[in-house]
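Q: Based on the hints, put chain B in the right spot on chain A.
Order-wise, the sequence lines are chains A and B.
Position one of the first sequence corresponds to residue 30 (this note's numbering), numbered consecutively onward.
Position one of the second sequence corresponds to residue 30 (this note's numbering), numbered consecutively onward.
Do not rely on the hints blindly, as some may be mistaken.
Because identical chains cannot be distinguished in the list, a pair is counted as satisfied if it fits within a single copy or across any two copies.
Said to hold, decoys possible - Derived DSS-like pairs: lysine-lysine, alpha-carbon spacing no greater than 30 Å straight-line:
(1) Lys60 / Lys269
(2) Lys131 / Lys62
(3) Lys196 / Lys162
(4) Lys336 / Lys98
(5) Lys269 / Lys336
(6) Lys60 / Lys264
(7) Lys341 / Lys264
(8) Lys180 / Lys62
(9) Lys131 / Lys162
(10) Lys98 / Lys131
(11) Lys220 / Lys62
(12) Lys60 / Lys180
(13) Lys60 / Lys341
(14) Lys337 / Lys98
(15) Lys62 / Lys264
(16) Lys180 / Lys329
(17) Lys269 / Lys131
(18) Lys269 / Lys62
(19) Lys86 / Lys329
(20) Lys196 / Lys341
(21) Lys341 / Lys62
(22) Lys196 / Lys337
(23) Lys98 / Lys196
(24) Lys220 / Lys325
Rather than coming from a laboratory, the hints here were simulated on the basis of the structure.
Here the structure is a predicted model, which means the values were calculated and not measured.
Number of protein chains: 2
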Amino acid sequence: MAPGSSNEKNTDDGQASKENFIHLCNPHLEKMKEDILYHFALGTGTHDFPSLFGDVKFVCVGGSPSRMKAFIAYIAEELGLGTPGCDYPNICAGTDRYAMYKVGPVLSVSHGMGIPSISIMLHELIKLLYHAKCSDITIIRIGTSGGIGLKPGSVVITRQSVDATFKPQLEQVVLGRTVIRSTNLDEQLAKDLMQCSKEIGQFNTVIGNTMCTLDFYEGQGRLDGAICLYDEEEKLQYLKNAYESGVRNIEMESSVFAAMCNLSGLKAAVVCVTLLNRLEGDQISSPHDVLVEYQKRPQKLVGYFIKKSLGKV
Amino acid sequence: MAPGSSNEKNTDDGQASKENFIHLCNPHLEKMKEDILYHFALGTGTHDFPSLFGDVKFVCVGGSPSRMKAFIAYIAEELGLGTPGCDYPNICAGTDRYAMYKVGPVLSVSHGMGIPSISIMLHELIKLLYHAKCSDITIIRIGTSGGIGLKPGSVVITRQSVDATFKPQLEQVVLGRTVIRSTNLDEQLAKDLMQCSKEIGQFNTVIGNTMCTLDFYEGQGRLDGAICLYDEEEKLQYLKNAYESGVRNIEMESSVFAAMCNLSGLKAAVVCVTLLNRLEGDQISSPHDVLVEYQKRPQKLVGYFIKKSLGKV
Chain A
30 MAPGSSNEKN
40 TDDGQASKEN
50 FIHLCNPHLE
60 KMKEDILYHF
70 ALGTGTHDFP
80 SLFGDVKFVC
90 VGGSPSRMKA
100 FIAYIAEELG
110 LGTPGCDYPN
120 ICAGTDRYAM
130 YKVGPVLSVS
140 HGMGIPSISI
150 MLHELIKLLY
160 HAKCSDITII
170 RIGTSGGIGL
180 KPGSVVITRQ
190 SVDATFKPQL
200 EQVVLGRTVI
210 RSTNLDEQLA
220 KDLMQCSKEI
230 GQFNTVIGNT
240 MCTLDFYEGQ
250 GRLDGAICLY
260 DEEEKLQYLK
270 NAYESGVRNI
280 EMESSVFAAM
290 CNLSGLKAAV
300 VCVTLLNRLE
310 GDQISSPHDV
320 LVEYQKRPQK
330 LVGYFIKKSL
340 GKV
Chain B
30 MAPGSSNEKN
40 TDDGQASKEN
50 FIHLCNPHLE
60 KMKEDILYHF
70 ALGTGTHDFP
80 SLFGDVKFVC
90 VGGSPSRMKA
100 FIAYIAEELG
110 LGTPGCDYPN
120 ICAGTDRYAM
130 YKVGPVLSVS
140 HGMGIPSISI
150 MLHELIKLLY
160 HAKCSDITII
170 RIGTSGGIGL
180 KPGSVVITRQ
190 SVDATFKPQL
200 EQVVLGRTVI
210 RSTNLDEQLA
220 KDLMQCSKEI
230 GQFNTVIGNT
240 MCTLDFYEGQ
250 GRLDGAICLY
260 DEEEKLQYLK
270 NAYESGVRNI
280 EMESSVFAAM
290 CNLSGLKAAV
300 VCVTLLNRLE
310 GDQISSPHDV
320 LVEYQKRPQK
330 LVGYFIKKSL
340 GKV
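In isolation and in its complexed conformation, chain A is listed as follows (with noise of 0.2 Å):
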């Protein structure tokens, strides 16, 4: 049987169990000696994976160190797993490209922002949670995002991610030539995730789907960045397709997110908070503490979605 396949294994009480492992697409690694995951400045050869990983059940990742950081403390809390204050370590110290946190079995990583810099993240990512012979992963983006005919502050959890023309797929280029890959989601898990909202009760939450652009500005139809060549006719026209072909909101990372954990055999979600509507604007102006409110609200629902699925709430 491949690696990464589905196994059957007798546990300790004698029953069959069915473990989801992660499904390698790459012969080459069974070759290499060591595995250098460069941009963790972690290694096989230095460290020991399955001790430091191996009781991993559930990865959450989002663009900003600190905000992984908040998180794992916020979700070290709610599991009875921390205390107040405490200070969790960065696995990654070693470099200043991602942050890393653990506790108990979550695990928190930043990503930085666009396609290019989660890709490298979830590449090393998978790597390490095979290395470590993780198993039975739920994997879920939670991040911030514009929105479109929302309510600022309200949390879209991805159907479909979608590209900039509404296809959902990504294009990548591999040795010089374009590949085409699906842009699938667990659809049970973004079910699970909507029904954790409404018991939750505390913010507007919709299942819809998310483009996934390379730009900020331009990819996004925005008037505020250095180039802009269109008028706001045709920003409104875009938006408004956009809108018509089921997109709620607008990020930089889902549709390699969902690439690449479809074909690693992941149960992946993303929820992101819209910090405005861009129908009605393209700058991020609301005060502070009202943005810092609303980039909680992906935490707090995928922390409750946690707890439940360990039988804590």
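A: Okay, now just chain B, sitting in the frame of chain A:
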């Protein structure tokens, strides 16, 4: 005369001088009362840009925040503007998206990894320089890269930034439509930097093409990512084709850097050290202290160039 175009003015000594202001390709900005540079946590309503940044003449950008902090300390000492061990405050302390430092006429800004990440930063940086009424700016990306056919530690000054099919262009998607932009860089500036490297005489430096990709693993033909669906022969053929087309190194930001600086009238160069020779492997496995020394080489070269430009060599 349009703002941002060249402007004849009388200087104090009565001579006419030609100053190059930022060329802002966005007519909408004139109508905005206030401009919030969200990812810098700076705004024209809260910060006095001309007094904070009006004297900037050199902007150095690089992926890692700690490297850009190290650079400002280095250049301060080189220019006799700092005291050893002095701490430079992060101008963007209100956010963890980017870090920014300034000493005298030099601004040092981090941009994260990948085209989308540097593109957000450049939109806001170009607007910052415009609002500050800066003129005669030289902007240089100092980064790390994978080399092709070069001894590790060699420095590449980019002649042209090319895409994954070796074309000197950037495809961008604007309102769902693909636009093609030129990735030309300043030829004279590249030559001046090459001359500086000869004068320093401390490391191998070449002028060559730089391939800019959207992914570090599959996009650069690596065999050690979480996903790899090609074999070693296909990989080596691709890298050899790149070499034959004039590519000497591969990184992930130069194309949009060149395209945006071009459109905004900024004199721009890309100077990257190569951390490994990709014809010999994929993993960055040199000892930490060797890599740290390599990463200082673009800083040394650009530091020397700035000193020379200011008549301090």
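Q: Each hint needs a verdict: does it hold in this structure or not?
A: How the hints compare with the structure:
1. For the homomeric pair Lys60 and Lys269, the shortest alpha-carbon distance between copies (23 Å) is at most 30 Å, but the shortest distance inside one copy (51 Å) is not.
2. Proximity of Lys131 and Lys62 under a CA criterion of 30 Å is satisfied intra-copy only: 26 Å inside one chain copy versus 44 Å between copies.
3. Proximity of Lys196 and Lys162 under a CA criterion of 30 Å is satisfied in neither setting, with 34 Å inside one chain copy and 42 Å between copies.
4. Taking identical chains as interchangeable, the C-alpha atoms of Lys336 and Lys98 lie at most 30 Å apart only when both belong to the same chain, with a minimum of 18 Å there against 40 Å between chains.
5. Taking the shortest alpha-carbon separations for Lys269 and Lys336, neither the intra-copy value of 38 Å nor the inter-copy value of 52 Å comes in at or below 30 Å.
6. In the homo-oligomer, the alpha carbons of Lys60 and Lys264 lie at most 30 Å apart only across protomers (16 Å), although the nearest pairing inside one protomer, at 51 Å, exceeds that limit.
7. For the identical chains of this complex, Lys341 and Lys264 are neighbours neither inside a copy (46 Å) nor across copies (49 Å), given an alpha-carbon limit of 30 Å.
8. Taking CA atoms no more than 30 Å apart as the test, Lys180 paired with Lys62 passes between copies only; the shortest distance there is 24 Å, against 52 Å inside one copy.
9. With identical chains, the CA atoms of Lys131 and Lys162 are at most 30 Å apart within one copy only, with a shortest distance of 16 Å there and 46 Å across copies.
10. Taking identical chains as interchangeable, the C-alpha atoms of Lys98 and Lys131 lie at most 30 Å apart whether they share a chain (9 Å) or sit on different chains (28 Å).
11. With identical chains, the CA atoms of Lys220 and Lys62 are never at most 30 Å apart, being 42 Å at best within one copy and 43 Å at best between copies.
12. In this assembly of identical chains, the alpha carbons of Lys60 and Lys180 lie at most 30 Å apart only when taken from different copies (25 Å versus 52 Å within one copy).
13. In the homo-oligomer, the alpha carbons of Lys60 and Lys341 never lie at most 30 Å apart, since the shortest distance is 42 Å inside one protomer and 53 Å across protomers.
14. For the identical chains of this complex, Lys337 and Lys98 are intra-copy neighbours only, at 22 Å inside a copy versus 43 Å across copies, given an alpha-carbon limit of 30 Å.
15. Only between protomers do Lys62 and Lys264 lie at most 30 Å apart by alpha-carbon distance; the minimum there is 20 Å, versus 52 Å within a single protomer.
16. In this assembly of identical chains, Lys180 and Lys329 lie within 30 Å of each other by CA distance solely inside one copy; the values are 18 Å within and 50 Å between copies.
17. Within a single copy, Lys269 and Lys131 get their C-alpha atoms no closer than 41 Å, and across copies no closer than 42 Å, so neither meets the 30 Å cut-off.
18. Taking the shortest alpha-carbon separations for Lys269 and Lys62, only the inter-copy value of 26 Å comes in at or below 30 Å, while the best intra-copy value is 53 Å.
19. Only within a single protomer do Lys86 and Lys329 lie at most 30 Å apart by alpha-carbon distance; the minimum there is 18 Å, versus 45 Å between protomers.
20. In the homo-oligomer, the alpha carbons of Lys196 and Lys341 never lie at most 30 Å apart, since the shortest distance is 39 Å inside one protomer and 56 Å across protomers.
21. Taking the closest pair of Cα atoms, Lys341 and Lys62 never come within 30 Å of each other, the shortest separation being 41 Å inside a single copy and 50 Å across copies.
22. Neither within a single protomer nor between protomers do Lys196 and Lys337 lie at most 30 Å apart by alpha-carbon distance, with minima of 33 Å and 52 Å respectively.
23. In this assembly of identical chains, the alpha carbons of Lys98 and Lys196 never lie at most 30 Å apart, being 34 Å within a copy and 41 Å across copies at closest.
24. With identical chains, the CA atoms of Lys220 and Lys325 are at most 30 Å apart within one copy only, with a shortest distance of 20 Å there and 50 Å across copies.
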